[in-house]
Structures are given as structure tokens and as C-alpha cells.
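These protein sequence lines map, in sequence, to chains F and B. This note's numbering puts the first residue of the first sequence at 10, with every later residue one more than the last. This note's numbering puts the first residue of the second sequence at 10, with every later residue one more than the last.
The hints are all genuine.
In this list, chains with the same sequence are indistinguishable; a pair is considered to hold if it fits within one copy or across any two.
Here are the simulated DSS-like pairs of lysine-lysine, each with C-alpha atoms no more than 30 Å apart in a straight line:
#1 LYS84 <-> LYS106
#2 LYS439 <-> LYS176
#3 LYS99 <-> LYS439
#4 LYS289 <-> LYS409
#5 LYS439 <-> LYS139
#6 LYS84 <-> LYS99
#7 LYS84 <-> LYS14
#8 LYS99 <-> LYS139
#9 LYS64 <-> LYS139
#10 LYS84 <-> LYS409
#11 LYS409 <-> LYS106
#12 LYS106 <-> LYS291
#13 LYS84 <-> LYS64
#14 LYS14 <-> LYS291
#15 LYS291 <-> LYS329
It should be emphasised that the hints constitute simulated quantities derived from the structure, not laboratory data. Here the structure is a predicted model, which is why all the values come from computation and not from measurement.
Number of protein chains: 2
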Amino acid sequence: MTQHKYLLNENQIPTQWYNIVPDLPAPPPPALHPGTREPAGPEDFAPLFPMELIKQEVSQESYIDIPGEVLDIYKIWRPSPLFRAHRLEKLLDTPAKIFYKYEGVSPAGSHKPNTAVPQAFYNAQEGVRKLTTETGAGQWGSSLAFACAQFDLECEVWQVAASYRAKPHRKTMMEIWGATVHPSPSDLTEYGKSLLAENPDHTGSLGIAISEAVGMAAPHPDVRYALGSVLNHVLMHQTIIGEEALLQMQMAGETPDVLVGCTGGGSNFGGLSFPFLREKMKGNMNPTIRCVEPAACPSLTKGEYRYDFGDSAGMTPLMKMHTLGHSFVPDPIHAGGLRYHGMSPLVSHIYELGLVEAESIAQNECFTGALQFARTEGIVPAPEPTHAIAAAIREAMRAKETGEETVILTALCGHGHLDLASYESFLAGKMVDHSLSESSIAEAMKTVPVM
Amino acid sequence: MTQHKYLLNENQIPTQWYNIVPDLPAPPPPALHPGTREPAGPEDFAPLFPMELIKQEVSQESYIDIPGEVLDIYKIWRPSPLFRAHRLEKLLDTPAKIFYKYEGVSPAGSHKPNTAVPQAFYNAQEGVRKLTTETGAGQWGSSLAFACAQFDLECEVWQVAASYRAKPHRKTMMEIWGATVHPSPSDLTEYGKSLLAENPDHTGSLGIAISEAVGMAAPHPDVRYALGSVLNHVLMHQTIIGEEALLQMQMAGETPDVLVGCTGGGSNFGGLSFPFLREKMKGNMNPTIRCVEPAACPSLTKGEYRYDFGDSAGMTPLMKMHTLGHSFVPDPIHAGGLRYHGMSPLVSHIYELGLVEAESIAQNECFTGALQFARTEGIVPAPEPTHAIAAAIREAMRAKETGEETVILTALCGHGHLDLASYESFLAGKMVDHSLSESSIAEAMKTVPVM
Chain F
10 MTQHKYLLNE NQIPTQWYNI VPDLPAPPPP ALHPGTREPA GPEDFAPLFP MELIKQEVSQ
70 ESYIDIPGEV LDIYKIWRPS PLFRAHRLEK LLDTPAKIFY KYEGVSPAGS HKPNTAVPQA
130 FYNAQEGVRK LTTETGAGQW GSSLAFACAQ FDLECEVWQV AASYRAKPHR KTMMEIWGAT
190 VHPSPSDLTE YGKSLLAENP DHTGSLGIAI SEAVGMAAPH PDVRYALGSV LNHVLMHQTI
250 IGEEALLQMQ MAGETPDVLV GCTGGGSNFG GLSFPFLREK MKGNMNPTIR CVEPAACPSL
310 TKGEYRYDFG DSAGMTPLMK MHTLGHSFVP DPIHAGGLRY HGMSPLVSHI YELGLVEAES
370 IAQNECFTGA LQFARTEGIV PAPEPTHAIA AAIREAMRAK ETGEETVILT ALCGHGHLDL
430 ASYESFLAGK MVDHSLSESS IAEAMKTVPV M
Chain B
10 MTQHKYLLNE NQIPTQWYNI VPDLPAPPPP ALHPGTREPA GPEDFAPLFP MELIKQEVSQ
70 ESYIDIPGEV LDIYKIWRPS PLFRAHRLEK LLDTPAKIFY KYEGVSPAGS HKPNTAVPQA
130 FYNAQEGVRK LTTETGAGQW GSSLAFACAQ FDLECEVWQV AASYRAKPHR KTMMEIWGAT
190 VHPSPSDLTE YGKSLLAENP DHTGSLGIAI SEAVGMAAPH PDVRYALGSV LNHVLMHQTI
250 IGEEALLQMQ MAGETPDVLV GCTGGGSNFG GLSFPFLREK MKGNMNPTIR CVEPAACPSL
310 TKGEYRYDFG DSAGMTPLMK MHTLGHSFVP DPIHAGGLRY HGMSPLVSHI YELGLVEAES
370 IAQNECFTGA LQFARTEGIV PAPEPTHAIA AAIREAMRAK ETGEETVILT ALCGHGHLDL
430 ASYESFLAGK MVDHSLSESS IAEAMKTVPV M
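Given these sequences and hints, build the entire structure.
Printed below as a string of C-alpha cells:
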């Protein structure tokens, strides 16, 4: 009988994360101190992160052991299933084989707990009392809230104001796990106050929320900050997705011809693709690997590869990455998530090396694909992976034209149970496609420091 | 290392449902025709259900094969995991071992698709074009919408007006799967119109929504009605939960001393417990088996065991069951689901036979337990299984007093992602306990027919 899921046992959960950095043909450019513009050292990150994560951020080891305490919590939802999308294939009438790794089985409903748990663990180990963070739609904030509950850490979240108001249930979810949630900009930080003074109805942005969370952590020795994407250690924690998927594709007896993953900060994409990129660099397989981003926030396909700040206020180290400018505020009509102004420096570097491709897709195509997916495969995707689904469908339709049995692999990085308002707008025919114009990109790029 | 999950493979999914009826020491009383009050025959059910389900409803076979087409869709989420709640046990500091079978992994997020899928399948096989149904909070309506999408059936749902207004996202979910959703009472049926004429802001009830859905199906030869709980065939479809749990408890090397399950219409409880009750009747184990219901809707513990209608308008056959009266409307302050006026006739009968026990729990205790559960086990429970969790915690605390290593098994029949408003009210300290008074029960019982 047809097999739908490829399941691993608990004892098959990978016990090491994969660090792609030492395997790359060239090292990624270093982060720079925002004042001196010299390469940033561990001491520059120490007010924000525990030493173990700083070490991981700059590690030259290919593999790093996952602590037993972390594996123990991973087991709440890991290993996650790999599905063959037989029903979607049938609907599309394609010879392609579509596989998807599903990360929505985690308590928070996305891949984010894969890094939230180790981040909370290392902070707890180093005596930290509280973690601060930002969140947009709420996937990351709820993941960190869940993780902090596991290690008795306090958790304080600055949520982009537009989402805070539109999605009250995400706040409830974070509170269920014991976190405190503020809308950003807030009157708790000087930066937030200054923005609210200009505009009391400010809708916020991820960059602003990062500035607030960083600003509340740095001055306190027992408070640290946690970032849900972008940084090397975050992407490395997510490689557990790709390591599991490698084993599961083996079970299915297939190797991918094309791997597509949605990219906002890059952690879902890096998590799925890096282990496959390793095998590709070793010559064990030869998949095309492609980032998929929203047309409304096209950092890779339309941003510039330059040093920029990770936050709006310019408090973080400078990172070389594809950026739309740290003052970029995505159009509120964009419902699909993935709204960060920059792309992970590591993904940006790999893209510059020509090891991966990128494309952008507008949101109506994404939600059209998501509806086809939900009605066949059952699962209602979060807005972010609708981009990956739309890209997989594009590939499957290409295969239909050529008649090739293309093997497509993607990650369904979360379910959409807490993002149904986006679907409501789509079903009502009210979703508007918004492709970022050259002029608005040029405007936002003005804030990028001239080096 | 500690094992958290007991996972089966796809090829271990049970291929038969278990029908407990022939194994009982006495047969359950028959349903009666609402007019003649004579035992209802297949022809009385034919306007509502396809013949295959009517046969299952009165079957004397102990096992019924699950069709391959149904198994194929079950594989989207089945087999479901069985968890050992190590973290909750640690928090409670109890020697008890708590196991829970988790059904929230289904696309609709609850156990309901276990019966929605076969119901849609048999209807499609018999040429039905459209299914109608009722839904309260939306778990059943979304499950049937999902199932209908799999077999290209239309699906029309009457949702209790109070939930329709308070939970717009459930409607969106049903629409994603292609269903049409109306608030109940609606102006689409004569009964609905008459209620709206009395009170344009009528908040509705499950009984009223059933009357509307039944009324829209019965006159049309290509439209049938689907019920999400209460009936024998529904409970039988759900026994796949208990059959899997039996295998998984074997893997864990444990037999339950106590089994607790939340009961609204009885399908989750019957699904988990009937296979264990079979083993108990065979002398293979001896668990205490207990129903847990809300203090606000205590049909088993405070209702009377009498013939009553399944719906408010009195259109269905009469069923002998524990009932609060078919005109019963639960207090809107009750947030915990499980609001049906009657209990499954089969569960009622088994309760009368003394094979299972029952208790009721008020909602603040339920949500207190749910918060302890979410912060340790990670999963945010739906309001319904918070009752099961509270009962499991009661048992675990009893075990702590006696020092016994009691093995407790329960079902976490769904996640609460679409029910976070209940948690919001609890976290704000605004949840009010409401135990149904003797006088209001007496009032509702006045509508029960005198036989």
C-alpha cells in the first residue's frame, strides 16, 4: 500500500547539529563592531548572548553535540514526519514526486522551538534569569515562551504592534507558557518612546522590536537576548530538520532533484538545506537548492549585499547580508510573514558563492497553492511556508511540461491555526499583491551605513 | 534514555474498528420512532444516513473492516502518538505514571476526523452529493469539512451562533476546506426562523443546530446528515484510538490502573475506553474506567436515564440516554466545550450496567490543570480534554497520598489553538465556575417526553 509518512524513532533523532561554515569554499565575512567597524569579538556579543552560543556562532567545528537536556525536550515533537504529497501530486496531475518535512508538530506549531530550546538551555546553564526577544506574527515569541517554561526562565517578548493588535491569541499562547508580552514600539524603552512620540499608532517592525528587546537585555547581567533566526548558531540548531530529512529521504529511496525552502531570516531554509548542501558539495547528490521569498520583502532577490544593522536603532553589530535597509517597514497588506529587512549573513554568503538560487513569489499565488495543499494534504499551512508550497507547485508544473519525474523536497515549517485571518482575507478576494518597487527599496537603502 | 513517545508505524494502524455491543452483558435499548414510539428500523434512519452507516449502527459483528480508502486518509495523521507525561509527573511530584494518547495531530486538531472520514466515504460511495451537520466550537464542523474535501462532497455546517460570533477563525478553517457555514439559528430553516422571531440575538445550542442540519438534509435524496458523536457507529469509528493505545501501552510495558476520558457526546471516551473495556471484560486487565464531564453540563452525573430526542425540535428518533432535556441550553459562561444535552446511548447503557464510573469537574480546576500541562508537556490542550487532564491530576495526587505507582491513561483529544479565548479569560481571572443547579435541571427535564 502507498506510504504517506516516513517516520523515525526517538533513538534516530540526530545527536549533533551540523555547522556548514568550515565546509564552505570561502569563510563568511565577519560581523563588525558598530562603533569601531573592526571585526566584532566575543566580548561584543557577551552582553546579549551566553558564551556557549557565542562560541557556536563562530565555531569551526563541523558538528556540535546536542545536549541530552535539549534532546529530551526535542522528543516532545521530534523526530518530525516527512510526507509524500500523493494527493497534491494527483490534483496537479504531475509526474513529480513532492516530499515535505513537517515542523508544525511542535508545541508552538513551527520549526522555531528547534533553536528556542537550546538557546533557553544554554542561558539557564549560565545563570541567566530572563530572556528578552522580539516577535512578528508570534511564532518565535511563542516558541521561546515554551522553551523558557521548560527551564524556569522568565521570558519577555516585544511583539510588532500590528500583529499584537491583529492576533491577540498569539499573546494568550505566550502567556499560557508564562511569558510577558508587550506591543512594540512600547513605552518601556527610550527608542520605543521616541517612535510613539512621533506616531502613537506606530505599527512597528521586527527591526524596532529587536532594538527594544536588545535594549532591555544588554544593561542587565542576568538578562540576555534571544534571536529566532539570522545568526549562524540559530541556523545550525535548525539543521536537525535537514539531518532527519536526509534519513527519511533514504527510507523513501529517493534523492531530491530540487529543494525549495521559504526564507525570512533564513533559519528554516538553512535548517532544511545545509545538510543537503553538504552532501551536494561532497558529490553525493546534485539537487538545485532554492530560496523562496515574498515579493513584498525580497531581501535576496532585490536587496543589496552590504554591511547593515540587524535592528532599526543600529544597536547590533554590523553584518554583511542582503538587506533592504534596516529602516525597512514592510507594507501591512503583506500577510505572508517573512518580513525581516535582512537575510541571514550565512545564507547571503552562500547565495553569493552561487551555491543556492533564489526567487520571489507574490502572495495570491502562495495562498492559491496553500488552498490546493490544504484540500488535498489536509494540513493548513502557516503563511510563511505557503511560499515554499507555491514554489514546489511551480516545479511540479514544470515537471508536468517536461514529463520528468522530478523529486521535489520542501519544508512545511508550520501550521496556520493562529494565522487564519490571512486566509479569511484571501477567501474574501481581498488579498492584494504587493511587489516592492525599486524606488521604495532605494529609499530604505539610504539608511545603510557607507563603509 | 527516558522514552517520551510510543510510536507505531503506518503498517501497525489497526485495520478494523471494534464494536462493543455484542460483547456487553445486555443489549442497549433500541432507538424509537418519534411518532409511533416503536423501535426505529433502518427505513427511519434512511433519510439521514447512508445504508452502510445504518448497518454499522445496529451491527452485531464485533469487528468491522476499515475500508482501504479510509485507511489511506487516516495515514495523514495516524497512528497518533502515545506520550508518557514525565514532566507533568515531576511537577506533581507523584509516583503515578501518566500516559496520554494525543489526537490533536489530525488536520482538524482533534479526534473527530476518525469518524468524519469514514462517514464522508460511505456517503460518497452511495452517491450522496452533500453532507449537512451542526458544530459547536467548530471541532466537528472542521473535521467534516476536511473529510468532505477528500471525497469531493459539498459540506454545509450550522454552527451554534454564540461560537460562530466568538470564533470566526473556525469558520475560516471550514471554508479553507471548502465548506459553507451558517450561524444557528439561521433563517434558512422554518425552525431557525421561528427561534429568531422570538429572539433575533439567539445564541443557539447544539440541539438547535442539529434540528436545522437534519431539517435541511432529510427532504433531499442526495443530501445526508452527519453526526459527530453520540451514535454507535461514531463511537465505533473512534475505537481506533483505543486499539492503537492498547498496542502502545504494550510497548511501554504497562497496563492502566485508571483510565479517564472527557465526555460530551461520548465519542472520545468510547473511542479510547471500549477496547480497554473489552480486555477488562475478558479478564486481561482491571482498570477503573471513568467518564469526566463539566459541572456545567453534567448529563451522566445529574441527568436522568430516559428516552429523549437528540435535537431540540424533536425531529430525531428517541434514544434512551442520560439527558438534561433536549431544550437544555448550557450557560454561555461555560468555556470548556462538552455542551450537549444528552450522553451517547451506548455510554449511558454501559454506565447503567456499572462498567464505567463518572465524575464532573468545574472549569477553573480544568484550566488550572491545563496550564500545568502546557507548561510541562508543551501541548496546549483544547478546552474539552482539560477535563480529562484535571481528572488525571486528581488521580496522580491520590497516588501521591497513597504512594502507589498508579498507571493512569487518558486521551488528549485535541489541541486548543483555536480556543485560546477560553485561556485568555482564565488567565485574566475572569473564568466563573458554574455548576448546574437542581432547579435548572428540573426545568429542562420538563421537555423530555413522558413514555
